[in-house]
Amino acid sequence: MAILLRCSLNFVPLTAQGLKVTAARAATILLAKELRLEFRTRELLTTTVIFALVVVVLFSFAFEPTAAESRRYGPGLLWIAFLFAGSLMLNPSFAREQSNETLDALRMAPVSPFAILLGKVCANFVFLAVAEAILVPVFAVLYNVSFSGVAGRLILVLALGTLGLVVTGTVFSAISAHARMRELLLPLLLLPILTPLLIASVEATASLLADQPELDRTWVAFLAGFDIVFLTASWLLCDYLLEE
Amino acid sequence: MKGRIALVLVAAALMVFAGYAALYIAPDEKTMHAIQRIFYFHVPSAICAFIAFFVVFIANFAYLGTRQPKWDWLGVAGAEVGVVCSTIVLITGPIWAHPVWGIWWTWDARLTSTFVLWLLYTAYLLLRGFLDDPQRKAIFSAVFGVFAFLDVPLVYFSNRLWRTQHPQPVILGGSNSGLDPTMGKVLLISFVAVLFIVAILIVDRYRLERLRAEYEELRYRAESRIAEAAAKTPRTVTEARVE
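From first to last, the protein sequence lines stand for chains A and B. To convert, note that position 228 of the first sequence is 228 in this note's numbering; the numbers rise steadily by one, no gaps. To convert, note that position 211 of the second sequence is 211 in this note's numbering; the numbers rise steadily by one, no gaps.
Example chain A residues on the side facing chain B (calculated, C-beta under 10 Å, incomplete): (1) I175; (2) A179; (3) R182; (4) L188; (5) L189; (6) L191; (7) L197; (8) G225; (9) F230; (10) L236; (11) L241.
Just so you know, the hints here were simulated from the structure itself, not pulled from any lab data. Beta carbons: idealized from backbone N, C-alpha and C, even for Gly.
Chain B on its own, in the form it takes in the complex (with noise of 0.2 Å):
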């Protein structure tokens, strides 16, 4: 529980130091001046959000190979969270993009997939909430996230094949499009303490999870076991009073 309260603390100090040096250690864009300090949490969250798909992915595979409800509950934590980062990323990249661009969004490549993306990892989890029957919601959500992360490349393909016949805005290059060095450790910083946030919370997911499929399990033993009690008795005390 100690270690616990210290890893929590540590991620919160590490986040308030990214957000001090992502004001006022980086500096200042030429041309986007303050607006474009949301980078720093939005590529990060980005990356996150890849990240925590490709666990998804991961546990979706192990679990139709070995069939351990581990993999299951770490395909849940990984969905929950990449949705919640990629939610981020859907919403800071429009608040960037309306000042710099003159609009909110774009129906280009990466901005497609990114959203397309999201509505499949929600399918995902909407897909689990319809299921009742344990095994049959772990098996069912391993395939459909199969297919789902089959179908991102295929995504982010076809929106690139189709959009470069038309101009585009000019997308900020990420890292390699001749970033300022300091901006780049700046972005290193909020990278470290957004993914040691989203690890903790995947951590955390996963073992909710687990004590969920425990309480679900020890409810059905007693559930049957009280069954059985019923059943070896035949003559309750209420039929005897009747008697």
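One chain only, chain A, in its complex shape (with noise of 0.2 Å):
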């Protein structure tokens, strides 16, 4: 603690002199300290991508896994998945910065909050998305439904409810972090406010597994329109969410 102390310490006349680091500067190191953190222990992604994998199984015992069958519940058995994957593996975003006290460290580094929240955001997205990059596969050939021809907009539907689903998910990583049960507490909080973000995101991937598979552009815009309010709100948020 003391060694980090004094490294921001020296830290701040350096950018009194000049060397200002800017947010996305900031947001880059971030996000590459989160993800070299993950590439040595891989914690996070493997149990992640098994979670997800243990729901997609169950879920065959749920309902008859047949082609029809499939194409009707695929798209919500899979977003299903990825809610509760994702509301899993955000829980140690900013938890697993207490252990050491390098929240503090963060917090004294010469960046505004935004930086830090964004660079957070980046790795939890490349996160999750590994993970679907994993999972979908798997699941198509589990479940014999077929994304080719539409891989492009499925990656466009993925990609705008991942967003969605990491932005108010690292938000309230930051809020559940410091309080107790936080393990409970974050899918409590973050489920229901994702509730918009399921429906659209469903709808949008069951367009794409239809006999004329064709992206719905309604869901498509709302799904965007869901990711900006959210990203605003954090943008203008994320002062409360570092101060001591």
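With the hints in hand, could you dock these two chains into one complex?
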């Protein structure tokens, strides 16, 4: 802690001399740190992928996984798995900064709080995107659903949905990190907020699985709107999340 | 104190009158008969729940702007009363729906939104219970409250967009769908009665929260004074006796 303090004290005069760290650069540094940490432990990704896989397998017992049924329930199943996996995966995002009080070091760094939040959001986005990239093909094979020919549009839907999930989830992870029972609290805060996102992403994904796949533009626009609303809200409110 | 008793008495009288009006003054509905009379408490509770949640939003916003604890107290008061009101809505709704629609519940836009709203503000209250530091509790719950409020139109809009593709049971269209004038008056009376009670509850809950905050403050000060006194006299009686 003392070393970190000294480091950050050294940092302040540096910025005063004009070596100002821009928000984008700070976010990139934080993103690199998160990725390095994950690359060394691989805790988060392994557990997330396995957990989502467990959900997908369990659903096969809940209904008859024939091709026709799968096309009806598949999109919902896939997104429920992503939502559950995401709400578990986002928990350590801020909570693991507390064990060595590195969150205080982050706070003392001469960068805007939004840069810190943005770095975390980007890192979580990458993690969840990797988990989805593994899970979607596995799901397609297990449930006999074909995404061929709509891959590009599917990626668009997945990206928009994941962004919304990760933005709200990272903000709530900063909140729940300070609470008791945080592992239980985060899904409780996050999942009701995400109901519009769930409806929109499920409907958009379902439109890609129809006999004549055509992307439902209304739902894609809705997803983009959801992302913009909550990204703006986190930009406006992130000062409150990271203050002491 | 006398004023408060008078207020509560007025609220009780209003509520009794509203109950009488709903049961005896309001005309019988042509197809639904007696069960329709639940409408006179279902609709006012729904409107009051929305009013209470709007109070929460204003309070959250004002707290983040001013950092005055009174806005935090108002926030928790509004949220608790709003959750109670929406619980009443969610219970009276199915009681009415079962004989009229033939089902207890349908995932219609309005029903779903009310349910999600209930979940959001219950989460708000739970979050407060799990945060110990009072300052942090106030800030974080205010941030969550703003997020929840921003989510409400999205929830309603997404459910409407989604469900309009499917045929829905016909919903009672509220006061604008050819409501009998006497029914309208009875609805207004019960709305005033419910609103009166809700206002009293919010004010009382606000006072309770203020008292609690003052108590916490006093306890904190007393504890720190004791700690200070202990620090000033390093040799306590027991230590002297040991020597």
